[in-house]
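Colleague: Residue-level listing of the chains:
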Amino acid sequence: MKRIRILAAVAALAAVGAVSAPAFAHHSTAMFDMEHTVNLNGTVKDFQWTQPHTWIDFEVPNAAGGSDTYGVEGMSPSYLGRNGWSKHTLSPGDKVTLTIHPLRDGRKGGFDASVSWPNGKTMYNLPQRGGAAAAAQAK
Amino acid sequence: MDFNLKRAALTAVLALAAAAPAVTQAAAETPQQRAASYAALGKLPDWEEGVWQIDWSALFGAGGRPEPPALTPEAQAKLDAFRAGMKNGENVQNQNANCIPPGTPQIMQMPYPLEFIFSPGRVTIAIETDSQVRRVFTDGRKHMDDPDLTFNGDSIGHWEGKDLVIDTIGLEPHTEIAQGVGHSDQIHIVERVHQVSPDRIDIATTITDPKILTKPWTVNRPYLRHRDWQIQEYVCEQNNHDSADQEGRAGFKLDNDAPAAPAAH
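Chains as they are written, first to last, in my numbering: chain D, 1 to 139; chain Y, 140 to 404.
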């Protein structure tokens, strides 16, 4: 899958470190499993449009009949704001699917790869070949 | 000391105090000179239009990896130890994860844009990442004799035709020139900014440091113009979840986590 290959390339570059991977100016991807993704179906509790990263607190129903809060980091407003996102892209109460690279330590959180809405629209968080806008149009 | 003598001494002190600023402070421009020095800025390249972002494809290695630095044995040993630490989960983060700016030269290689501001005798480079500012004095002054050591150093510049040449010394001891490669008190950086085409400039960065490098290290990096962007605010402490520990291990703070214990003073 093309997208996964690109992500793997980002992660590989970050790991090598000889070239700083631009997707993560601020820190490495070491805490995330960049080779795998997990889909979370739930409700946006909070969308923080902040530097150096955006952040989603995301409520996901659990087996006990309650819900768990996942902490999901995203790219910065510096990147997302120039690639089709804004502070209004997500709002509390939105029911969406987040595709995340999960934390390696097993806690409930990760890095956002993409957001999908019930109407089939998907927006990517990480850079796509040809740019995020092109990837969104291709969907 | 009689009264007159005291008064004479006081007068002398005041005279010295009055004379001192005249030594260090340039004479004020006349309005005509000021208008002329601003008008002269119109002859400079048009880099102040829009902002410039490093070409991400270059960061991703398109066009080949840049030549690595040729390290002295001491610097190589430190880099080897740094890489050995990475295998244990150390050194995977640098201090930028704790919101410490990387300093020059690496601040110029961040993935977000920068802008040039021209004013008489000065080029200011305002960098989005970490809201950093570099002041490059182009008024003919020399480097400070004994500059305080700072993240972006003491920079002077001059124009060679349409190229801007920036000369930097005086860098903070903990900043790095590449991941795992520090610098000594002898570091000297020369950046040549050259416009390749209307919307592309290249910055060739040459680092000299005889205690770290066996020969000068030059890397050329392309930057692309985005005319419709503007620099965004970037306060790293606003919402940082990724603080690293002292050994550079990656951290990730969830909103539900207990607050970290306050650092010991």
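Don't take every hint at face value.
[Unchecked claim] DMTMM-like, lysine to aspartate or glutamate: derived pairs with alpha carbons at most 25 Å apart:
1. D/K108 / Y/D394
2. Y/K226 / D/D94
3. D/K108 / D/D68
4. Y/K226 / D/E59
5. D/K87 / Y/E187
6. Y/K226 / D/D68
[As the list claims (entries may be wrong)] Partial list, computed: chain Y residues near chain D (C-beta under 10 Å):
7. W368
8. G390
9. L393
[Said to hold, decoys possible] If you anchor each label on the Cβ, the simulated ranges turn out as follows:
10. Y/I239 / D/G84: 44 to 54 Å
11. D/E35 / Y/Y177: 33 to 43 Å
12. D/N41 / Y/N395: 17 to 27 Å
FYI, nobody ran anything at the bench for these hints, they're computed from the structure. Yeah, the Cβ is synthetic: ideal placement off N, Cα and C, and Gly gets one too.
Colleague: Hint by hint, which ones does the structure fall short of?
Modeller: Structure breaks hints 2, 4, 5, 6, 10, 11.
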